[in-house]
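Novice: For reference, the chains in residue letters:
4 protein chains.
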Amino acid sequence: MSNDEPAPELGIGMVGYAFMGAAHSQGWRTAGRAFDLPLRPRLAAVCGRDRGQVEAAAARLGWDAAETDWRVLVARDDVQLVDICTPGDSHAEIAVAALAAGKHVLCEKPLANTVAEAEAMTAAAQAAAARGQVAMVGFNYRRVPALSYARQLVAQGRLGALRHVRLTYLQDWLTDPAFPLVWRLRREHAGSGALGDLGAHLVDLAQFLTGEAIAGVSALTETFIKERPLPGSSSGLTASGGTGGLGAVTVDDAALFQGRMASGALASFEVSRLAAGRKNALSVELNGELGSLSFDLERLNELSYHDHAEPAPTAGFRRILVTEPEHPYLSGWWPPGHGLGYEHTFVHQARDLVHAIAAGEQPAPSFADGLRVQRVLAAVEESAAKNSAYIPVS
Amino acid sequence: MSNDEPAPELGIGMVGYAFMGAAHSQGWRTAGRAFDLPLRPRLAAVCGRDRGQVEAAAARLGWDAAETDWRVLVARDDVQLVDICTPGDSHAEIAVAALAAGKHVLCEKPLANTVAEAEAMTAAAQAAAARGQVAMVGFNYRRVPALSYARQLVAQGRLGALRHVRLTYLQDWLTDPAFPLVWRLRREHAGSGALGDLGAHLVDLAQFLTGEAIAGVSALTETFIKERPLPGSSSGLTASGGTGGLGAVTVDDAALFQGRMASGALASFEVSRLAAGRKNALSVELNGELGSLSFDLERLNELSYHDHAEPAPTAGFRRILVTEPEHPYLSGWWPPGHGLGYEHTFVHQARDLVHAIAAGEQPAPSFADGLRVQRVLAAVEESAAKNSAYIPVS
Amino acid sequence: MSNDEPAPELGIGMVGYAFMGAAHSQGWRTAGRAFDLPLRPRLAAVCGRDRGQVEAAAARLGWDAAETDWRVLVARDDVQLVDICTPGDSHAEIAVAALAAGKHVLCEKPLANTVAEAEAMTAAAQAAAARGQVAMVGFNYRRVPALSYARQLVAQGRLGALRHVRLTYLQDWLTDPAFPLVWRLRREHAGSGALGDLGAHLVDLAQFLTGEAIAGVSALTETFIKERPLPGSSSGLTASGGTGGLGAVTVDDAALFQGRMASGALASFEVSRLAAGRKNALSVELNGELGSLSFDLERLNELSYHDHAEPAPTAGFRRILVTEPEHPYLSGWWPPGHGLGYEHTFVHQARDLVHAIAAGEQPAPSFADGLRVQRVLAAVEESAAKNSAYIPVS
Amino acid sequence: MSNDEPAPELGIGMVGYAFMGAAHSQGWRTAGRAFDLPLRPRLAAVCGRDRGQVEAAAARLGWDAAETDWRVLVARDDVQLVDICTPGDSHAEIAVAALAAGKHVLCEKPLANTVAEAEAMTAAAQAAAARGQVAMVGFNYRRVPALSYARQLVAQGRLGALRHVRLTYLQDWLTDPAFPLVWRLRREHAGSGALGDLGAHLVDLAQFLTGEAIAGVSALTETFIKERPLPGSSSGLTASGGTGGLGAVTVDDAALFQGRMASGALASFEVSRLAAGRKNALSVELNGELGSLSFDLERLNELSYHDHAEPAPTAGFRRILVTEPEHPYLSGWWPPGHGLGYEHTFVHQARDLVHAIAAGEQPAPSFADGLRVQRVLAAVEESAAKNSAYIPVS
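Residue numbers (my numbering), protein chains in the order written: chain U, 1 to 394; chain X, 1 to 394; chain W, 1 to 394; chain D, 1 to 394.
Isolated chain U, as found in the complex (with noise of 0.2 Å):
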């Protein structure tokens, strides 16, 4: 801090210490170190329905207390912002209820598992924005600083009138069939699989990145391993096997869609957790009249531009690297060509909203986003139940 007086406290109460947990603790923990921020957070008090587990994460994780209610986390004093973890299933009560109590919250993606839920968490969201709370959902990649300045480049022109939005997103954890029957696999706990997972990332980020809203998708999904070994245990994307008795995946595994902008750009989405030797290989390439850009988040430093202005024997896709002190959220870091990694994204995601409860305005992406992004989701289901019938967005 530049001035003698320290930031007042900002303090978090997170529920879930899973992988999404471990990675949000980093980032409030680390947020302050690398940023100047208006408000110091502290990392108040975590939650999980393991007395014994939850105060091991909070003291790996570095939280000062541990809840096994989250209704008691919520209504803590020295909670100001809660932070949800927990899969799909929970968001919704969890949410409104923290923001009916008065608190900021931060909710992972996707929003919610279906449209009511993300309608009902974005009515409580504008509802507690009049009361001066905010309320942001986590879709991180928003963060990557490759990708924040590909929205600035196409914010400012660079590509011209866009013709194609294209992305995948491709993993390969459940390519054996003896991965087990995890709670990503049940509808009822995780809402769909690649495409609620992954998808939702790409919807997001096709949104962002453009700046438009899709306005209708066609669309395929599968389920090629119908059923799969009950499991052990599991934590993380990691499982062992379990008791010899097999259940029904129930949601997808890769999920195909296509669709239109609002400008008309045509627009193409791949989901899938069976793409051997994909192992969180989100591309994003965009095509305009004036330009495209291309990006792979297994080399996350890195944007490829083409400036199609350029004469065409001196013109090529140039790989950026993101590590320049103008570039965003770099200031904080190291210098040119010192790149970050996947959980920096979490760091600047809570500087972000940091700034944003200090200076009493919404963050992005609001509920109201992750809510256009259910919707989205939820016309690709329908279309898939349709025979692929083109479904407009509302």
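If you're looking for bench data, these hints aren't it; they were derived computationally from the structure.
Heads up, none of these hints are tricks.
Short derived list, chain D residues pointing at chain W, Cβ under 10 Å:
| no. | residue |
| --- | --- |
| 1 | Leu159 |
| 2 | Ser218 |
| 3 | Glu222 |
| 4 | Ala254 |
| 5 | Ala255 |
| 6 | Ala265 |
| 7 | Gly288 |
| 8 | Tyr305 |
| 9 | Ala315 |
| 10 | Ser383 |
No residue lacks a Cβ here, since even glycine has one placed at the ideal position from N, Cα and C.
With the hints as your guide, set chains X, W and D onto chain U.
Specialist: Showing chains X, W and D alone in chain U's frame:
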């Protein structure tokens, strides 16, 4: 040749001498120099409508004679094989006539502009086959060594059950709205736009590489630039602006389609001639239960292969330089690492066709293969016209 | 922690708080959050000459106290480990004093500015080792997971007899002649230029990755820009122009050296800070009788591995994403494909050092390793001064 | 041809018909098909020692006649240009005789096995030039379009003052100790090993691309495998094992050298035929005050260019596909993105040589250029013999 007697000649008569004609000529001139052939291709005669231009082309490209009427060319005694390099609207008439005249036929892709034409050609080819003639359609990319090798790996079962088939073919020569209205942008000549020009390659490759038919598709097409300047003159893919008037573009600029392969694998396709910065970017990726393959025509000497049986710590996509003597067609060329170019596909096509003729066997891809592609393209257009409804391919 | 008792604390005192100090702080703060540690690092005190700046740094970086005299810091009872992040000219004095005071020491690279200093430090470290203290030099790139894993593969014999060792480290921040004369360009502070700054990393990595010493070198060095503007103020690798005067650059801008490893493998090295467009391009390639490895720090989550025993048609460099749980350090982080960044090397360094202290073992790289690097750097300078004559390294 | 009269013929007589002979034949056959030429190359006669083999080669490669004595070939009236594709030990004798006989000469690289031979050849070429004959050395990589274009960019000043010149040429066909002792491994035939075979290309390219001479060098060479099986038979770069005996390898397996260009830029070079996994990996990078270029022969249709004047946030190495009509030699080939291969360099070489002959101008690279390369190679060997001492190149 390894024996004393020179191989007998095979007289070639080619119709058309623009971009494709030049590429085929290179194939016919070179095949017998790089490979031992059972018949020696003789560039007997080339045909075009303008006497002066076709004579100049004959001299430049190495043809012994020039004709201005394709019926005369087809009737020449020294022509045993008719090679059709004209726009799609004349393929059917010439091919059927040549087959009726007892000639072998090589026909550029797409086989025809309509399913009906393609059916007639396929029937003619089957009748001619009974008389010992062969007919082949010029899907030359099957003979990129990397793609030919990819087919071998799939056929050997290296990928196991296929989950995803993903192909895109992106060019950018129509990005500029001032590019004139050449024949490729008129439905009456070209049949369709990017769909027939680029999509035909993708459909054939998807079916060739997987050994499976495309079972059905859902599609969107778009013409971004509705009118373009009427052309002055044009050749190949370049053209000069013309008289000042505008004319309607009557074909698609881009097409998206997605569907299912016969085995249930999901397939996605995208073609465009307005993807700024992408010059000849035909990309392929196949993901299977046991591994994956990926390819980019802009780096045509490379094939990426991921072996999913490899232990995770040492697994990864390996960049295979497809220039080893064991790789398809490489025995005729240079030491490892000394790459080939685009036109080598036409040398390989000529080589394989000559071998088929000498052996009295039908070469692949057959006219029936071309018809299958045509049916998929027709299903794409039907789906696009029917609100993206999923259309099974008969 | 998995048991009930919290681990005992390890008090850290850090000298210097600029670029390296910020990176080390991130390491100390985070190591115990990502990994189970037997001792809990406490950021006890940070030291710098300017009271106001060091206090601001302490607040920003999370240190409990600030000191302005490193002797006071070294004497603090709550400091068990002194972490030296100052320019090279003060390393020896601080390290020797800290060891004499019974503290563990972590010293940034290069170990010192001269061989004599490095010898004194090594002697002090050896004496301290007998008293149970540890000393480590901060060659953090050993702890990039991809390079740590590369070392494992070499040590397992995957490459067989080594033939070639090839390292370059290219940056471009001195390309502009208007960049001012910061301390890194003055021999009295920095010891040497690109050689000590970048070359020290390469020399250490070459010896670490191969498990062999560099036997001798032949070298060229160059200072392209002989004079630069005297600086106004500077921090990290950026600086603003200053007073208008010019001063002499007294270190190298670039250095080339080539030599032999103890086993007879050939080794080549190049470092520069005037390689336009290269930001932090540390590249490594090892070629052995049985395989090869290659690495680029600008893509630090990737390692390329060629297995020469693979049949030629399917052989090729495979791009391994070094993000699997089996890879070094990855157990503490995210699922496969979720990459790490530059600063994670400091987290890993802190982790390993804490384990060594708890186990009473000497960590690597030791001061003796740092001395070996210094001797190679001295041989480089001697060769450059002697018309590139080959200088054996003692 | 654009006019009515066919161009006059230029009779070619080629000595040698192995790898290089096949490549040159492709060049001679194709140059007039891809480009308008003022003279029509006629493949008049090819020469080799074995009657049966040379006649088979003539038939395969398209030569009108076969000779078994190069002196007879040189004396033929229908031969105006002698193309020398033999091992280096016979270059001088054939070239001097052909020039004395009034023929134009194209001689494969390296120009000769010794400086003395190269001097004699250069003197003969200069004498012949006065009689209107031309002589050219076959450094074909100058005519890779991407490298030819790189030279244009450097000559235009796009890179400004050069700082670094970095070239490596890595192959792996000698990695296996069982590979037999072919002629390329015997000093009496090949002159040197990787140095003359691969290093000659690098030295010529460094001087061509920069427009500067190499001022001096310091070097190391190594023969890792001292003995190899005596060969059975061999052709090109492959050979089969032989009789069971071993023979001494009398050339280098690898060479490292570094030096200074005339302008003061630093230059580094590495060549090896034991770099496992590298097949034909000739890489070039030039760093200048205003920009950088990089190139890899395994991706020969691409050139990477960094413009250092571009604002940092959008700067980066751009991947230029050197396939635009404005690029060197591309007017003769295909639309953008349709790449060329290795052998096109020989087509371009034939084209440029024919133009030079028709215009009565000396082509580049001249024998004097070849001599300059030879002097650098000699300095490399002298330095390696003198403990890496820096040897100025006269």
